[in-house]
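Protein chains: 2
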Amino acid sequence: MEAPEKGVPLSTKLSKHGQNGVIQPLLTDLYQITMAYAYWKSQKYEDTAVFDLFFRRNPFRGEFTIFAGLEECIKFLEHFHYTTDDIEYLRTILPPTTEEEFFEFLHNLTAKDVIVYAVDEGSVVFPRVPIIRLEGPLPVVQLLETTLLNLVNYASLVATNAARFRLAAGQDKQLLEFGLRRAQGPDGGLSASRYCYIGGFDGTSNVLAGKLFDIPVKGTHAHAFVTSYEKLDDVHERTMTAKDGSKTVDFVSLCEQKLEELSKVLGFPIDQVHMGELAAFVSYARAFPTGFLALLDTYDVMKSGVHNFCAVCLALHDLGYRPVGVRLDSGDLAYLSLLLRERFKKVAEKFNLDWFGKLTIVASNDIDEDTIHSLNQQGHSIDAYGIGTHLVTCKKQPALGCVYKLVEINGLARIKLSQDVEKVTTPGKKVAYRLFGSDGNALLDLMTQSEEEPPKVKERVLCRHPFVESKRAYVIPAYVECLHKLYWKDGQVQQPLPKMKEIKERALASLNKLRPDHKRALNPTPYKVSVSDQLYNFMHDLWLDNAPIGELS
Amino acid sequence: MEAPEKGVPLSTKLSKHGQNGVIQPLLTDLYQITMAYAYWKSQKYEDTAVFDLFFRRNPFRGEFTIFAGLEECIKFLEHFHYTTDDIEYLRTILPPTTEEEFFEFLHNLTAKDVIVYAVDEGSVVFPRVPIIRLEGPLPVVQLLETTLLNLVNYASLVATNAARFRLAAGQDKQLLEFGLRRAQGPDGGLSASRYCYIGGFDGTSNVLAGKLFDIPVKGTHAHAFVTSYEKLDDVHERTMTAKDGSKTVDFVSLCEQKLEELSKVLGFPIDQVHMGELAAFVSYARAFPTGFLALLDTYDVMKSGVHNFCAVCLALHDLGYRPVGVRLDSGDLAYLSLLLRERFKKVAEKFNLDWFGKLTIVASNDIDEDTIHSLNQQGHSIDAYGIGTHLVTCKKQPALGCVYKLVEINGLARIKLSQDVEKVTTPGKKVAYRLFGSDGNALLDLMTQSEEEPPKVKERVLCRHPFVESKRAYVIPAYVECLHKLYWKDGQVQQPLPKMKEIKERALASLNKLRPDHKRALNPTPYKVSVSDQLYNFMHDLWLDNAPIGELS
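Protein chains in written order, with our numbering: chain A, 1001 to 1553; chain B, 1001 to 1553.
These are computed hints drawn from the structure, not numbers from a lab. Be careful, since some hints might not be right.
Because identical chains share one entry, a pair is satisfied inside a single copy or across any pair of copies.
Here are the simulated DMTMM-like cross-link-like pairs (lysine to aspartate or glutamate), alpha carbons at most 20 angstroms apart as the crow flies [as the list claims (entries may be wrong)]:
| # | residue 1 | residue 2 |
| --- | --- | --- |
| 1 | 1396 | 1366 |
| 2 | 1231 | 1047 |
| 3 | 1247 | 1099 |
| 4 | 1416 | 1234 |
| 5 | 1247 | 1237 |
| 6 | 1231 | 1408 |
| 7 | 1396 | 1370 |
| 8 | 1112 | 1202 |
| 9 | 1231 | 1545 |
| 10 | 1519 | 1368 |
| 11 | 1243 | 1100 |
| 12 | 1429 | 1135 |
| 13 | 1499 | 1533 |
| 14 | 1395 | 1368 |
| 15 | 1350 | 1318 |
| 16 | 1303 | 1260 |
| 17 | 1350 | 1256 |
| 18 | 1112 | 1135 |
| 19 | 1513 | 1502 |
| 20 | 1423 | 1300 |
| 21 | 1416 | 1230 |
| 22 | 1396 | 1368 |
| 23 | 1395 | 1366 |
Isolated chain A, as found in the complex (with noise of 0.2 angstroms):
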């Protein structure tokens, strides 16, 4: 997608874009509408609302989040309209008593009078810090919650486990993701993918994703392919011509050839050898001679799989095409991976082939973020990894728990108390500074109170852990950053909305500048988010002001 210029309407430049078209404001929960007819009929629909979208913690036990998500809230906000299909229905759903102007009120609604300020999608974000910040009027922001809930939640969490996959296996390996089929449905398959790119993966097994957001796509080929195949006669097609058009061999006794060849070299016996399996491999070979990576499980690995392999890449050789690699599902997949390289260098070596060691070796078996880290610990010789399940589901944990907070109505600040201090909110309209130090890594991030002073490069601020009175340093940033953007107002998008490309950067570059220890697998270190002495003494008199009468809080 082109960045459209400040002010343009994106709707024809994201159509393709949009999983789903338009996504749809009944795409909400009840209590939204129901609230918004209370609203209506206290006459409040007038009051200017801020609201806070955020969460409380990182997830999967890390102390990062990628915030991702945030074209398609934009998208849903230009497109945030009541059709008079949606009117009719909610017509059969609201009680009978329901007065009739407010159904043309919601029918007139927009987000026109919305103005939106966000983090730029895929920076690193963390908890209690507005992730985006929406004012306008009470009912209409209200509204949207549920919906940029959804948009922001998984997006979010999928992009940030993707993220915390990379990190485990390093930049030098190739990460897939392999999950449409436990995806939650058809749009949660295309979810996946899209932020999982956006979180660092390189491709995509879902040719769709790859359709629609761009997305590199993968793949070879399944266990049933072999399994279709019983003797080399299930071969109904023999032939193939060498890359250059010089010659055309008889390509299954060529590969026979082969594996007789290195049966003598190597010493093993051909009787274990399963031919159904040579037949599956000449096949996908003679269909993707430039691109032939084979899976090596379906029957035995080191007796049967690597020695076809084996021969079809020699066969492939002698026509002057160069194979890829192996497919590992199953098994020891440290083990195996260093028992194939050590005998891809093998026929490397008595071949005279150099590229032979450095076939490529992908693993794609039931992998999880634990899983890579045990496989370093072990030493292995895998290049890639295709993941599925546990990338898409989450396993690990499957929900952030990003939160929709009011912090501020007619000017006025809100709190919502609680007896779990985490769940207090932040009152008022704030924004967001990172400041970083010298080495270019961030130090912390600090919430003041909207009208304050930005903090300033090489001028000490004092910043405050928001609950505890004594947590409190003296911060002299090398470089600031504001977090917050204008991206909504006026009914027109306020920034370029960047490629998915360009996202997918933003991320790698915004983990860069967080120090090592907060990006651990095992206690990571806690990043700082602080609150400016201002917004502190703020915070704590309207919290006193709310206490209850007669009780500690």
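Based on the hints, put chain B in the right spot on chain A.
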């Protein structure tokens, strides 16, 4: 949806019920397409294959699964077709060596030569038994794999989860799905609402799901609604008319009077009662006089919420309206519900209003299946549960491992061996039956080869454990149900597809025929899935034929 006549295409009738409209065949893994090309290249495209779709283990450490997603699968088959646009995209991701005729072949593919047998949607199903059996041209049936798995996996998982919540709560409680904000994106939320309803929920908060699938929609108000009111003056419209139209009163003042009256009668201090909360309740009651249900825990349930609620109820009663009840979203739900019930009974007695003691108490704070069992043990007075995150994300086990395995090709059975016995497939085309005892309960499921005679009522049939030779028994069924029905043939739907409500009723009826010990939450008894003697022998002979030489397997 009306049940169509046999053989009538469903396109128009289904369109309204599809979540996304038509599910595109590109919603698949790339390897399905690369395999199709390899089959095409080696002229295997006319081979006839049989695939079984099944799972290996019940989810949630349970011993049953509810099958859901069939209607979406059938609809997908009906519309299965690669558009010109799809083909153009595939051209960009397949290697340039891919032959042009293959794209033509793909472009002309439909599912008309595929025959589908399936278990009825909503039925209880068990591991290893094919839920869907597909027969047809190898590349076509292979191409359907990922999409069918995607459509069945989450649908069945979440329907099963819903059924477990229903078993925990009992039939007399109301269960409401509130999970939209935590689902996997927009369509994940729709799938959740749809299949939770099938699994036993009474309604959803998701308005669009209500509209698309005709599910009852429920909801009241949020904490933000309460905090948006600070004082009684925030209610700009004060009047309210009696139900019978006989009088119009200052409703705000009436509620204030009732609060004072209650304070005197019950003896509680009024200075701890939050007037903003009272304003919110007044406002909500004005909007929904016949559906007044208030969220009590924004401030203090027993010091503020319950007093304001009771005051508004008494005022509504004066005007001839009957309030509905309360919602609790935090705290000790069992304890608070009992306190509330006690209070409601006291008010009922003091004001001689019998219905007051029976007001509905809804609980909704991060509830999972175990919470409900724990509440039952503690004793509580909750009438309805609103359940979100744990239900829709299936946090306890966020994926059902449905697989799609080749079991026959060109009339020859295929077996997939594995060192893990659980992963060995049951070869060949099979039919499954459910055998019932004279008490009406299901005894076991029996798989037979497709050409075998069905088991007969009141005749003994030998049922064997699929792997353990010594485990076998003669069973004399009082009733036999064939689980596999023809659903798709000659490009036409072959069974009436029931309405959602009928599927829901089937799920309940199917579960009711399962012995309680299979359904209990802790250590349920496994339900037996057996094979006929003929299938047992066939399977083990084939296993032996395929065993690697020189190994015990």
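Out of the numbered hints, which ones does the structure contradict?
-> Result: hints 8 and 13 break, sorted rising.
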